[in-house]
Amino acid sequence: MLMRFLVPLLVACLSLIGDAFAQDAASTNRATELRDRPAPDARVVAPLAADSPVKVLARQGAWTQVEAGAQRGWVRAFHLRFQSTVESSSSGGGGGITSIFGFGSREAPKTSKVATLGIRGLTPEDFQNASPDQAALKKMQSWRADKASAERFAREAKLAPVAVAYVGSGS
Amino acid sequence: MKALLAVLALAAAAPAHAQLDFGRIIDLGRKAVEVAPRIQEATKEYTVEEEVALGEGISAGFLGAIRLHPDERLQRYVNRVGRWLASQTERADLPWTFGVIDTEVINAFAMPGGTVVVSHGLVKRLASESELAGVLAHEIAHVLKKHQLSAIQSDAGWSAAATGAKAVAADQIGRRGGDVLGLKSQLANAGVDLVKDGLFLRPLDRSMEYEADRLGVVVAARGGYDPYGFVAVLTMLAQVKPDESGASITFSTHPAPADRLAELEKVMPELEKYARQPQVEGRFRQTVK
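If you read the protein sequences in the order shown, they are chains A and B.
Using the numbering used here, read the first sequence as starting at 1 and increasing by one per residue.
Using the numbering used here, read the second sequence as starting at 1 and increasing by one per residue.
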């Protein structure tokens, strides 16, 4: 009963996804500096205390251009916090297809299953009942790029391959 | 052994005109005996061919529930970015396939064997090709590390379904020297069953997500992109308001973008020298609508 009500509601919410998130308010997540260029050796325009509100203007590599009060400058991207909208994630769970942002439930299936419906506009039953679409698979495979065409494509944008070793543990 | 003996007994008892089939009967009996140990083998390692077949089944099942986006130009564009990135990795020779699904939900997935799917809702929120590269590279990293296969193998039910099909297919293919009867499709069928059985309802372990984040930024840098594109994506995700987008539900099942940013910050200094590589905004904006 609850589901019958929630599903259309959540699906309706989806249609409201607009560019609402594209707001540009942020704050510093630690004491940092506002610099005149996006570089570590750039001149410090002003020190910024932790939790200073800023307006985000642009991004360049590791740096974000912001407006802090009356001043403009660059702050390290990692030194900014955007509105926290996310429950901290639970641990545990296992399995599942990889997803960057996750469909579905890690734990507590009762609540998150309902939630899952809203996310995708799809129910677990949609997956259960779907018959495999071989034609769609073939179509998707027909769009594949081969190595050579991908290389040409990269060159057109002046992308040059670089040898970079993996970073961090376990890689 | 019992099965083989039973078949032999049957063959011995058969009338003379059945003798022509004797070899074949032995064969079948031997198969029955051999499949059991092969099931054990099958849990250990998937050949690339098996991984691809399973992934195709999963993809077909997935596409039975979610449509592909109709913009073919966008599809080919995403394939070129993805193929270029995958070419910079240790699994460059997989049949890499990329697809944009027609949903405004924000999400992306990778299937075993090199199929990566990203939602139109996510793509249109990105600002440059380097951001798209960050997303695709994260998914490519899951395939590199076979995270999906590990997940399937660590689930008793899923693993039994996939392994049974794999053992039978491997046996038949090995015996006939080729998949002449389309038996590889057994694995594809198993992939479909996995989708029906909730494969997409359970995300991966968070340690796998962090690992894919770390590897993904390197893959993007190898492709010549500004690796901070992915940092921008996570930053964008951190801004999505749950009330307005329904997206918090998506994220509640995953490491929060803020947690992922904190993890990435530990390794990004090593990649800062690549931060001035191109973001490629022009053709991204021309292609993504």
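I should point out that these hints are in silico values taken from the structure, not numbers from a laboratory.
Take these hints with a grain of salt, some might be off.
What the hints assert, rightly or not - The calculated lysine-lysine pairs, modelled on DSS-like cross-linking and capped at a C-alpha distance of 27 Å, are:
| # | chain 1 | residue 1 | chain 2 | residue 2 |
| --- | --- | --- | --- | --- |
| 1 | B | 266 | A | 138 |
| 2 | B | 289 | A | 55 |
| 3 | B | 124 | B | 289 |
| 4 | B | 289 | A | 147 |
| 5 | B | 145 | B | 289 |
| 6 | B | 146 | A | 147 |
| 7 | A | 138 | B | 124 |
| 8 | B | 124 | A | 158 |
| 9 | B | 146 | B | 266 |
| 10 | B | 146 | A | 138 |
| 11 | B | 145 | A | 55 |
| 12 | B | 266 | A | 147 |
| 13 | A | 139 | B | 273 |
| 14 | B | 145 | A | 138 |
| 15 | A | 158 | A | 147 |
| 16 | A | 55 | B | 266 |
| 17 | A | 139 | B | 124 |
Unchecked claim - Here are the in silico distance ranges between beta carbons for each label pair:
| # | chain 1 | residue 1 | chain 2 | residue 2 | range |
| --- | --- | --- | --- | --- | --- |
| 18 | A | 44 | B | 207 | 35 to 41 Å |
| 19 | A | 72 | B | 272 | 43 to 49 Å |
| 20 | A | 162 | B | 164 | 43 to 49 Å |
| 21 | B | 47 | A | 43 | 17 to 23 Å |
| 22 | A | 67 | B | 48 | 50 to 56 Å |
Each residue gets a CB set at the ideal place from its N, CA and C atoms; glycine is no exception.
Quiz prompt | Hints not upheld, ascending by number | solution = 1, 5, 11, 12, 13, 19, 21
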